[in-house]
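Following the hints, complete the assembly by docking chain B onto the known chain A.
Protein chains: 2
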Amino acid sequence: MRNYIIDKLYDKVNKNGVVCVGLDTSVDYIPQWLLDKNENIEDAIFEYNQKIIDATADAASCFKVQIAYYEALGIKGLMAYKRTLEYLRQKDCISIADIKRGDIAATAKMYAKAHFEGDFESDFITLSPYMGMDSIDPYLPYLERGDKGIFALVRTSNKGAEDLQYCDLKEGTKVYSHIGDQLHNMGKKFLGDSGYSAIGGVVGCTHVEEAVEIRERLNSMFFLIPGYGAQGGKAEDVALYLKEGNGGVVNSSRKILLAYKEDGNEKAFDISARNEALRMRDEIRNAVEKAR
Amino acid sequence: MRNYIIDKLYDKVNKNGVVCVGLDTSVDYIPQWLLDKNENIEDAIFEYNQKIIDATADAASCFKVQIAYYEALGIKGLMAYKRTLEYLRQKDCISIADIKRGDIAATAKMYAKAHFEGDFESDFITLSPYMGMDSIDPYLPYLERGDKGIFALVRTSNKGAEDLQYCDLKEGTKVYSHIGDQLHNMGKKFLGDSGYSAIGGVVGCTHVEEAVEIRERLNSMFFLIPGYGAQGGKAEDVALYLKEGNGGVVNSSRKILLAYKEDGNEKAFDISARNEALRMRDEIRNAVEKAR
Numbered sequence: 004m005r006n007y008i009i010d011k012l013y014d015k016v017n018k019n020g021v022v023c024v025g026l027d028t029s030v031d032y033i034p035q036w037l038l039d040k041n042e043n044i045e046d047a048i049f050e051y052n053q054k055i056i057d058a059t060a061d062a063a064s065c066f067k068v069q070i071a072y073y074e075a076l077g078i079k080g081l082m083a084y085k086r087t088l089e090y091l092r093q094k095d096c097i098s099i100a101d102i103k104r105g106d107i108a109a110t111a112k113m114y115a116k117a118h119f120e121g122d123f124e125s126d127f128i129t130l131s132p133y134m135g136m137d138s139i140d141p142y143l144p145y146l147e148r149g150d151k152g153i154f155a156l157v158r159t160s161n162k163g164a165e166d167l168q169y170c171d172l173k174e175g176t177k178v179y180s181h182i183g184d185q186l187h188n189m190g191k192k193f194l195g196d197s198g199y200s201a202i203g204g205v206v207g208c209t210h211v212e213e214a215v216e217i218r219e220r221l222n223s224m225f226f227l228i229p230g231y232g233a234q235g236g237k238a239e240d241v242a243l244y245l246k247e248g249n250g251g252v253v254n255s256s257r258k259i260l261l262a263y264k265e266d267g268n269e270k271a272f273d274i275s276a277r278n279e280a281l282r283m284r285d286e287i288r289n290a291v292e293k294a295r
Numbered sequence: 004m005r006n007y008i009i010d011k012l013y014d015k016v017n018k019n020g021v022v023c024v025g026l027d028t029s030v031d032y033i034p035q036w037l038l039d040k041n042e043n044i045e046d047a048i049f050e051y052n053q054k055i056i057d058a059t060a061d062a063a064s065c066f067k068v069q070i071a072y073y074e075a076l077g078i079k080g081l082m083a084y085k086r087t088l089e090y091l092r093q094k095d096c097i098s099i100a101d102i103k104r105g106d107i108a109a110t111a112k113m114y115a116k117a118h119f120e121g122d123f124e125s126d127f128i129t130l131s132p133y134m135g136m137d138s139i140d141p142y143l144p145y146l147e148r149g150d151k152g153i154f155a156l157v158r159t160s161n162k163g164a165e166d167l168q169y170c171d172l173k174e175g176t177k178v179y180s181h182i183g184d185q186l187h188n189m190g191k192k193f194l195g196d197s198g199y200s201a202i203g204g205v206v207g208c209t210h211v212e213e214a215v216e217i218r219e220r221l222n223s224m225f226f227l228i229p230g231y232g233a234q235g236g237k238a239e240d241v242a243l244y245l246k247e248g249n250g251g252v253v254n255s256s257r258k259i260l261l262a263y264k265e266d267g268n269e270k271a272f273d274i275s276a277r278n279e280a281l282r283m284r285d286e287i288r289n290a291v292e293k294a295r
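Chains A and B are the protein sequences, given in the same order. The first sequence begins at 4 in the numbering used here and counts up one residue at a time. The second sequence begins at 4 in the numbering used here and counts up one residue at a time.
Here chain A stands alone, though its shape is the one from the complex:
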């Protein structure tokens, strides 16, 4: 069935490329003129995001909104978060709420309600699997419905990944593979027409040596890929986590949001963001072509 949100994301990638614009909107990223123009911080953040969204909507497949940046500003920040998600929905853009929640039972149901309904509704959310697969279960009714999806942490690209994710299990696999396998199996119930599941995985784009193994092993898992650009991952690395240029989206935040600093044009920060998104899209497209 082509009713899953993951199929919509797959189609967007085919049309617009793999770029996921990370709206990690730190107040100090916002040009001074835009701060001055707005009476309060909530409006300034929202207008900044709105302009970035308008400028990159056809150069990106989706937008990842990192809630921590908004939580840090309390109620006002979360008002801007809410309005950003509403604006994305209004523009028919796909939103990924990067919330990395991880809890069980009634609590997890509350998180599902919080981020798949109401003020903070988004299309996808990220989850952390430390508590196990019953910390994923409460979200599944929304996946069954078709219009919501998740990305659970599988293997991240930070140094601390060695403290747990890279540990060798007695049974022979690494922790990240063990978690990846469980999520992959769980995801087979939610396969869309695209061949990908509504249960996606967060897989950082460094550690290229494992890329081929991970991509094959987690065959029907769509990847949310952080670590490109500012964090050191290259287009050639990214290409290995994709299948013919699809099957994943690649997040970039700072490099897109702060592109205007390199261009030296605060006024047109949105145009700089668009140009960087297009540059990144084409760079990855070329790397995918070369890897064929």
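The hints are simulated quantities; they were obtained by calculation from the structure and are not laboratory data. Remember, predicted model here, so these are calculated numbers, not experimental data. Any given hint could turn out to be false.
Which copy is meant is left open, because identical chains are indistinguishable; a pair holds if it fits in one copy or across any two.
Derived lysine-lysine pairs resembling DSS-like cross-links, with alpha carbons at most 27 Å apart [to be verified]:
hint	residue 1	residue 2
1	Lys116	Lys258
2	Lys85	Lys112
3	Lys94	Lys79
4	Lys116	Lys40
5	Lys162	Lys191
Then chain B, alone, in the frame of chain A:
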């Protein structure tokens, strides 16, 4: 030095006992008369919490506020969350924000800012360690300051704990021990006069067979212990995770919040909550005495 927040919690446990009142305030827990009395849901939740806090402040060591229940109601819910934390601070009660956040670098700094400062400031927060120890680092400057602490997930009591936490590592330990050891070592920099660290751990109170080993191994780690009562853990089990009745706090949410249903007195829901907190406190005290 006796300046750490963990020492304050230790003193509170000596004075008031180990009960941690879980403010998992689901709207359907609030008696109808209180809902009717208030014009909006935010005020109703806050008044409910306020009455529970007033009634249990001297029968409990601390209050754990589960943010998911508030997030589920969007901005209004988070307004009630903010006011609840403010009220706890005003009454000099110790608050634990059960947020289970887990992220790295700039994002984790934002979470620290969000929950150790500003609108959502609390004394302790819970964290999830899937991304590794660098997902803990950004909180440490607040711990150094002395007035903030964390509880990181070590071993939970849900079925899904088997999917990861109970897995055997090649090196011979289980995942939860490996994580526990790393946190325990990290915590040695933040030891208070009480002998406990400002880096605490969440350790569920079931699986009693391992209680003695965990308590010995993580000697200077203060435990936040869920799983009592509604979730099946007994006072005798809990006693094994404590050291002479301290070194941990035991959370109970539903059993305290909904005690009025057993008493059949909606009007005095706060008195029922108090009585249940006292009953639980004494039951655990007795179990600790017996275990000596």
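How the hints compare with the structure:
For the homomeric pair Lys116 and Lys258, the shortest alpha-carbon distance between copies (23 Å) is at most 27 Å, but the shortest distance inside one copy (32 Å) is not. Within a single copy, Lys85 and Lys112 get their C-alpha atoms as close as 20 Å, and across copies as close as 21 Å, so both meet the 27 Å cut-off. Taking identical chains as interchangeable, the C-alpha atoms of Lys94 and Lys79 lie at most 27 Å apart whether they share a chain (23 Å) or sit on different chains (25 Å). Taking CA atoms no more than 27 Å apart as the test, Lys116 paired with Lys40 passes between copies only; the shortest distance there is 26 Å, against 35 Å inside one copy.
Within a single copy, Lys162 and Lys191 get their C-alpha atoms only as close as 31 Å, which misses the 27 Å cut-off; across copies the closest is 22 Å, which meets it.
The earlier numbered hints are all upheld by this structure, with none contradicted.
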